[in-house]
Structure formats: C-alpha cells, structure tokens
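> Each chain, written out:
Number of protein chains: 2
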Amino acid sequence: MSKPYKGFEPKWVRGEYPLNSWRSIFKWGSPFEIKAPKESLYKILKKTFELDDQFFNEYKEDPGFDEVKLDIPCKLPDEDIGEFKKILGDEFVKTDDYSRLSVAYGKTMYDIMRLRRKRVDNVPDAVLYPDTKEQVEQIVAYCAKKKIPVYVYGGGSSVTRGVECIKGGVSLDMRLRFNKVINFNETDQIITVQAGMSGPKLEEVLNNAVKLFSAKRAYTSGHFPQSYEYSSVGGWVVTRGAGQNSTYYGVISDIVAGQEYATPIGVIKTDQYTRKATGPDIGGIMMGSEGTFGVLTHIALRFFRHTPKTIKRFSYMFASWEIGQQAAREIMQSEAGYPSVFRLSDPEETGLMMRMYNIDESPLRHLFKMKGFKDNEMCLYLGFTNGEKGFSKNCAKNVRRICKKFGGMSLTGIVTKAWEKGRFNDPYLRDTMHDFGIITDTMECSVNWSNMSQVHRDVRAYCKSRPKTICMTHMSHVYPQGANLYWIFIVHMTDPEEFRKFHAGILDAIQKSGASMSHHHGIGKMFAPWLEGSLGKNQYDILRALKKHFDPDNIMNPGGTLGFDLAEEEKRFLGCVV
Amino acid sequence: MSKPYKGFEPKWVRGEYPLNSWRSIFKWGSPFEIKAPKESLYKILKKTFELDDQFFNEYKEDPGFDEVKLDIPCKLPDEDIGEFKKILGDEFVKTDDYSRLSVAYGKTMYDIMRLRRKRVDNVPDAVLYPDTKEQVEQIVAYCAKKKIPVYVYGGGSSVTRGVECIKGGVSLDMRLRFNKVINFNETDQIITVQAGMSGPKLEEVLNNAVKLFSAKRAYTSGHFPQSYEYSSVGGWVVTRGAGQNSTYYGVISDIVAGQEYATPIGVIKTDQYTRKATGPDIGGIMMGSEGTFGVLTHIALRFFRHTPKTIKRFSYMFASWEIGQQAAREIMQSEAGYPSVFRLSDPEETGLMMRMYNIDESPLRHLFKMKGFKDNEMCLYLGFTNGEKGFSKNCAKNVRRICKKFGGMSLTGIVTKAWEKGRFNDPYLRDTMHDFGIITDTMECSVNWSNMSQVHRDVRAYCKSRPKTICMTHMSHVYPQGANLYWIFIVHMTDPEEFRKFHAGILDAIQKSGASMSHHHGIGKMFAPWLEGSLGKNQYDILRALKKHFDPDNIMNPGGTLGFDLAEEEKRFLGCVV
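Which chain is which? The protein sequence lines are Z and B, in order. Each residue of the first sequence is one higher than the one before, counting from 1 in this note's numbering. Each residue of the second sequence is one higher than the one before, counting from 1 in this note's numbering.
Careful: at least some of the hints might be erroneous.
What the hints assert, rightly or not - Covered by chain Z, according to a simulated footprint, are these stretches of chain B (three or more residues, beta-carbon under 8 Å):
(1) 236-242
(2) 287-295
(3) 394-400
Stated by the list, open to error - Below 25 Å or equal to it, Euclidean Cα-Cα: the simulated DMTMM-like pairs (lysine to aspartate or glutamate) are:
(4) B/389 <-> Z/330
(5) Z/147 <-> Z/565
(6) Z/145 <-> B/541
(7) B/269 <-> Z/565
Hints listed in this document are in silico derivations from the structure and should not be mistaken for laboratory results. Ideal Cβ placement from N, Cα and C applies to all residues, glycine included.
This is chain Z alone, in the form it adopts within the complex (with noise of 0.2 Å):
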C-alpha cells in the first residue's frame, strides 16, 4: 500500500485518530493498521461512481474521531452487578460507555454506517471478562435464574448481528482472558482451546509447539479465514465458519473434535471420536447455533502438520465463467486429492485483480489477446497445494493438466503470491474508503454444481440491477458436489437504510435462486428472516424445539438470533429504523 500515487492522492485517514474514540471500535482489525486504496483502484471507484478528485478533498461520512458518550444507563440493579463481581473478581465486570459499546456491534456495514451515525440501537447493560469455563457456567447459570439476556463477543468480525445484544443484558468479551490452551494431545493431533482463543494465537501455539509442548514437529490449525487476525475459535465453530484453506483442510465442522458449552440446563460436553455410530450427532446439534442454546467454552480442534515447504502455487487463465467452473469441477471430482487455496473469480473480479495486481499492464495482456481471452469474459483461477510433499507436487500436477485440458493459460505462481499478500489486510480498506461514502461488504451461500450458473447470473443481477455498484463473485470453498459462491459489492451508499434494504435484497435473491442462505457467515439476525423459508417449516420446527429444550426462558442470545424470537424482533427491524 506504500506506493506513491502518480496523480491525485486523498487523505486517506491513515491511523491518527483518538484512543477511545467512535473510530477506534468501527474500523477494522489492528488499532496499527491500516490500508489505503493503491492508485488503480482509486481510479476504478472514481470511474465507477463517476466521482472526481474534487469529491475527494474532504470526508463524506464522520471519521469518528470523537470520544464514546452513551447516554444509555445500565439497567441492571446492583445485586446482578454484585454477583457478577463475586464471580469474576471487581475489574471484570464493567459497565462503562466505551466497554460496552466495543461489544455491541460486529463488521457489517450496516453495524459501521450506524456507528459511524452515533447510532446505538444496542448495548449490553454490563461486560464480562470471563477467565475459566467454571466461571462462565456460573455466570450461565445465574442469568438462567434471574432471566438475563446472555451475549458473547469472541473476535467481532461477525457481519450478521450476531453479537448484537438486541435485549441488553450481559456480554461476554472473550478477548481479554478467556482464550488459553487447555490441552495438547500430539498423539491424537488434537489441541483443546478457550472459545476466545484468537486465530493467531491459535496458529502461533501449533507452529510453536516443539518449544511449548516438546512436540515431535510443527503444527498448524489449517483454518484461515479472511477475518483471522480478528476472529476467534469460539466463533468459527458458533456459526459453522470456513478458512481461505477449506478446500484441503476441511471447513470447522470437519476440524472440530470436540465441544463442551454452558446452557441454561447445564453444562454440554460430547465426545472427541470424530466418527461414530451412537445415534444422531450431539456435536452437528451444538455447532451452528450461535449462542442460542449456550456459551461455548472448550473446543477441541484436529490440527495438521505445519508443511509451508511443500506448497504447490499455480493461477490460470480461462476464457470463461463457464469453462472455469468445468475446470474446478473436474479438479474435485478427479480424485487426486484436493489443493488447499482454491479461488475461481468471476469475469468482473478477474477484471478488478488483474487491475490491482497490475497483470493489465503486464506482458500477459498479449498473451491473452493472443488466445483469444475477451476482457469480461476471461476468469482468473489461483491456488496453492499443501500436504506431504509426493502428495502436494502430484494435486499440482493434476491441476496444470485439468488447467491445460480447459484450454487454461498459466500465469505462474505469482498471482497467488499477489493474493496472499492482501489476503487479510484487504478489509482494512473498507475504513478508508468508507471515509468517502464508498461502503464495501461481501454475501455468499452454498450451491451445487448444477444450480451454480443459475445462482451466479440471479444474485448478480439483483445487484448489478441498482446502478454503479461493482460486483464480483468467485467460488473459494470448493467440493466434488459443488463450493460456494462469495459476493463482494463496492457502491457509493451513505444511508443505512439503503444499505439494510439493498442487503436483504441480495438475501432475496439468494435464497429464490435456491442456494443455502449461507456457506460461512453464519445467519446471526440480519440473516435470520430468510432461515425459515429456506429450510423448510418442518426442518425449522427442530430447531425450535432445541431452543425450547436448551433455553426455555429465551435468555441466550435472544433478539432473532436464527430467527428464534424473529416475530417480535421483525417488527422491530422494520419499525425502528430511521
């Protein structure tokens, strides 16, 4: 992000802004850093939103550089407040402005344009800083008996509500304490974890373990999601989360060994045998329902071998969506194991990466007139391989021949290297650009092979149907059965309002073309009014019943969560909103 801009530069905000301040709980990741759009893309939004640099010259939305003043009272009377204390020690129970504002939100964009606005819809009444899994059954446990609202904020990158403490109540703020390792079982290759254990931490401990643990070797989680830096292991497996490495390692529902959570009707603890044929599957039950049935506390995680030397790197070209998606297909069909990076862009972002990784002002441009590549059609595919290395080096081999069969044109390893580079600062952009009204958020979803096309063409078009607004997809969770389908939208929006309506639209779309409503974001509350219909009634009475069993007094939580306590919430949604 350092090289100097050729023409016009705006003051991009770059990190000057005040310690407790509005800015320092919406932007995202690292109080250290930040990411300002490079030239190229600078000259893409002001084509696209047809902007000049005049409009540049001064910030269009509140930069947020003021200090958190809530006028919001803390409604818990002091004996709640009390026992907290009792449990957790007198300065991990907080109540003040800027603590709990800094868990009342996640990453949306919808959560950032109302802080961005002073708009605090919700704030839990107090935040707790929990220490060990004991202290969070008590907690759990009193809350059950004096019916308080229980939240969890594990790392806040959620981008569905889903830390929103819509009733108030308690959050729990993970971060500080509780997020240490409870067990390493080489033998097994399963490490037990704090649910607040943050995504390096985690990965940190596996490299590390031969001087931590005396282990034989390093290790790694294998789940690298794009939030990472500002995720936690409690919140992967919560809301059934993918890392960028899915493809090879398996999403968290295949990581997972094992779970233990505090409920209202105590503690859930199941086993750490990965498979099994003891009746329906306690784990699946537990995993995925987002704080609505309990905290969960312990997580016990499969971890892989730390093999960065075996890594095969490869991008191709295609020359279209649809010969791209044959290529994919036939890689994960072809059973010659699967490579770990897995990422097939769609004509629209091929054109954008290839702008940002300046390969259209490359020698390869040539090259792809030569072949026959139209811009806007062609697709950039980019990926790495792990494993051991005769295993690595023969799925590489497999992809150049898949590659070369589909008439795809090698663009070296390069590319990928290009991507990894951004591929966990890139959402530090979002701050930058939002400074100028230009909001950037993403939407995915599970499709199958054959209803990929359909998927694709349908939610695009809904989004392309509101005028300048970028669009790209790419698949990068992939399956012999089909992969995901990830949406990124860039548009010049500045009302929340249009943004939460443009967002449901997107979700419309979704779940008309027929695609799960999520592949790993999770459905938190803003998903929730779609989770229902796209289950099916019958399929959505079980989860209802779980939550009656698990939560009779709707204290986990509450607030449309999986669309529990939807029907009161959805007037709310609609009715409250400036």
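Once you have looked at the hints, place chain B on chain Z.
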C-alpha cells in the same frame, strides 16, 4: 472353500434346506450360497474348544429344516389392514407366518440362537411392502393417527436388534419394491435412491452408469460394509454405518448429501449442500435416529469414479501391536492421502489369519523367524489404495516408506487378495459352525490413538476371561485422530442367555474403558442400555427432546431403540428370557 479335507470332515450343512423353513430365515445371505470352514479353521476350532472329530458327528443345534409355523395371531383390526391394503394394494400387505417371521429378527447371534430354538419373542402383526415415498408417508400418517407401532426392515443384517418389532404393529419390508433410483445427477455426482436399495444393486447401477444413464464414465458408491450383500442404503444411513473402504471414501455420514423422512409430524427433507452455515445440522440430527424419529424414504448419496485399475495392494508384518499402531498412526497423520482398505490385526487375529491363508506354512515363516518376529506378537497390516493414478501410487509409496521405517516386512499384495476373497462371504461360516454349537459374533467401537491400547487390553481381557474363547481384534476404519476397534469372538456356547450376558459384558468393558459404544454398527435395542451412560445425561436428554418432538406417541421403532423407552423394556429384557 472347495479344497477337500485331508482328514475327517464334518457333515457341514451345505445349503440343502426347505423353502419356508426356519433355516431360510436365520441363515446368512443368499439361499444358494454357503461356506464351510476350511480344514485349517476346523483344526483350530477342535483344538480351541477341546473337541474331537466325534463331536462333529452330529448337529448340536437344530438346523431349522422345519416349516415356519407361529401361534401368534395378528392383533391388528381388519379396519387397519384394510386401510393398508387401500394404500398399497391387497398383495402388498401380508399377515402370514412366514412373511411376519422373516422380518422379525436381524443377525446378531442372539437372534439366531432364538430362531434355532423356535423362540419367537416378537413379530409384527403385518408386513407392508411400499413402492413409493408417498405410500410410506401415508402409512406413517395413518399409524400416527391410530398409534400403530412402525418398524422398518431394510437389508436385515442388523446386529443390534434394530429391526425387532417389540411392540408388534407393522414392519415395512423395503426389499421387494422400495429399491429404485429416483435421480442420477452426474454433474454433482449425486444419486438419489429409495431407502430399500441394496448395496450390490446400488453398486451395479453406478458401475453401469454409462449404459443406464448415458453417463461419461463408470462410478462406485465407495461403501462396502461386510454385510454389503444384505444391507440397504437406508440401513447404512439410519445406523451411521461404515464400509470397509471408509478410510478413503468416508463413512456413510461423509457420503450422504441429502435425506428425506416420513415422520409422525410430517416430511423432513434436508437440502443437498454438504457444507453450510445455516444453524445446527438437520441431516446430522436425522442420521443415526434408527427409525425412532421417522422412516427414511429417499437418500441422496455422493458417488465416486470407479477406478479399479489404480488400486495398489499391500500387506506388511510388524513385530508387535504397539509398533503396528504407531505405523498406522503415522500413515494417517502424514497427509499423503488415505488408503482405502486399511486393516491392522492384533496378534491373535494375525495368528488365525496366517493359518487361514496358509502363510504359516509358506516360506514366509522362516523370514519372520529371521526378523525376530514372534507368534502371538506379530501383527498383520493389509490394505489397498484407490483414487487417481498418481494419488493412489503416492499413497502406496508413503505406506511403503512408513512401514519400512517401523520395521515392517512386506508380504506383497497376495495376502490382501486372499482377504478380499473372503471379505463378503465370511459371514456364511456362522451357520455351518453354529450347527455344531460354535458361535461367532462381532463388537466394535471408536477410539482415539491415545486410548487405543487401553481399550484393546480391557475389552480383550474381558473376552479372554471366559475360558476357551477366540478373541481377534483389528482396526479397519482409520483416521488421523484414531480408529475403530473391531472384535470377532468365537465361542462354544448354546444358551442364548449366556450369550446375552457375555455380549453385555463386552459392552460394559467398552463403556468402562471410555471408548464410544459403536463406530458403525449402531445402537438398536441391544446396545441401548449403555447409550445414556456413554453420552452422559445432559447430552442424552437432547435426544429425548428430539424424540418427543418427532414422535410424541412413541410409535416409531418403539421398544428400547436408542434407549428411549428402555425402563419398561429393560424389565422385559431381564424378565422375559427363559
């Protein structure tokens, strides 16, 4: 099995038995196939049980040549029978003795021993032969209205009393008509079938996909349990079964893409996305419900390329069970791809297999001696790989490298071929041996690497505490985190009650050792008393809540399945046995 004996040969029942006889019901498998012990096994039996040739001069158990006659009237009123006939047609509702008895029992030795004694504890009042999903839905709806118990008979090879009609009512015999392909989707590699389709028919359909569906190539289900020939797809799913090639293709829960059930509260139908983030896993709730929530009607299964030419067979001998386990673990954790068949035998099984396959009389014997391998210590490992050519080759290469590292001695692929020959017809031995009072049955469970030795030791110790007991163990479904342990025991025993106590003792030993109660046989009614203890009360209560939701009047496979109505049944269990 045709090699003539050198010495005395007992008059093994070679399949000549009347149609409609008791033997035709309790006998394993095809009416036209039998298998008698080869001389080496006969010698082992004589030696182990201290019997002589004279003992084998006459049958010790009733060979069951009599025609089936029951003195148990059908208790269903004419009105109900009439309604079923209206739904299915007159000829597809049967109340005769033979039809009823033929679906009354599965294939645990407890079932066989009871049938040998003409002891009929339970039969359904009527047997129904559905043709379509809609008919099954009508039957379940009618039974729910009239509170008539509903049982399902798929392939009939349950070893858990899963199909036993403890409460009378109706049994749906799926074999006759409910066995058709509903949809074949080559693009997604998903086939949808009716639940009564048998293993061999599914495989035949997939192998012949080019001819039947104008597919581009031949496919395989990848699912071959030992009961393969007398198992149904529906049975695989409701019990969470596994095939002998599961280490590569996955167990049934990995293979299923979608399920549809007829339940008392209506149809439950899941989508066909194998990974998604839309709340708790509905498919995982239904799978393993063993008929207690509803009747499985349609199943969408993933399928795989049929690649018999890429198979690489291998077999190795290791110095000990501990070393064999270490090698097995390394193979599964080395990330070079998983072998398809993967079978490591403990010393007792190895000894018997060596004699069965005549290895003990081959020149290999001398090589073992030279290597310092000892009888009762060395362990046989065999298997083969599947998949794309390069993948399969690399996988076998990795197996070779690791086996060598752990001092394994290659026995080439010949031993594997010998095992393959018997893999599906070994169960036929049960009947010929049982005519002389020698019974063989199996038990299995899931373990992780860290508790494998202890579980093996404890369960084996229990089995061997009974004098003159052959107890062989192997692992045959293997994971990076652990494996199953599978016990085959052979005893000379004639009292069903003694068998039941012995069986219960093994289950007790499994539970006390901390393993799961089943890796792939399921729970049924016979393992059910241990399930709540194994899962723990809070976890088991989730299953209770689900049962109440789906089947408030307890008509679906009632009488103890999964332990839901065990209190009453256990009394029965303990009180009704002679």
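> Count the residues of the stretch 287-295 of chain B whose CB lies closer than 8 Å to any CB of chain Z, then report whether that count reaches three.
Holds: 4 residues of the stretch 287-295 of chain B have a Cβ under 8 Å from chain Z.
> Tell me if the straight-line CA distance from residue 389 of chain B to residue 330 of chain Z falls inside 25 Å.
Judged against 25 Å, a Cα distance of about 15 Å means the pair holds.
> Does residue 541 of chain B lie within 25 Å of residue 145 of chain Z when you go C-alpha to C-alpha?
Holds - the C-alpha atoms of residue 541 of chain B and residue 145 of chain Z are around 20 Å apart, at most 25 Å.
> Examine the stretch 394-400 of chain B: at least three residues should have C-beta closer than 8 Å to a C-beta of chain Z.
holds (count 4)
> Could you grab the alpha-carbon distance between residue 147 of chain Z and residue 565 of chain Z and see if it respects the 25 Å cut-off?
holds (15 Å)
> Is it true that the CA of residue 269 of chain B sits at most 25 Å from the CA of residue 565 of chain Z?
Given pair residue 269 of chain B, residue 565 of chain Z holds - Cα atoms ~23 Å apart, limit 25 Å.
> So is the stretch 236-242 of chain B in contact with chain Z by the C-beta rule, three or more residues under 8 Å, or is the coverage claim wrong?
Coverage by chain Z holds for the stretch 236-242 of chain B (4 residues, Cβ < 8 Å).
The structure fails none of the hints (numbered hints given earlier).
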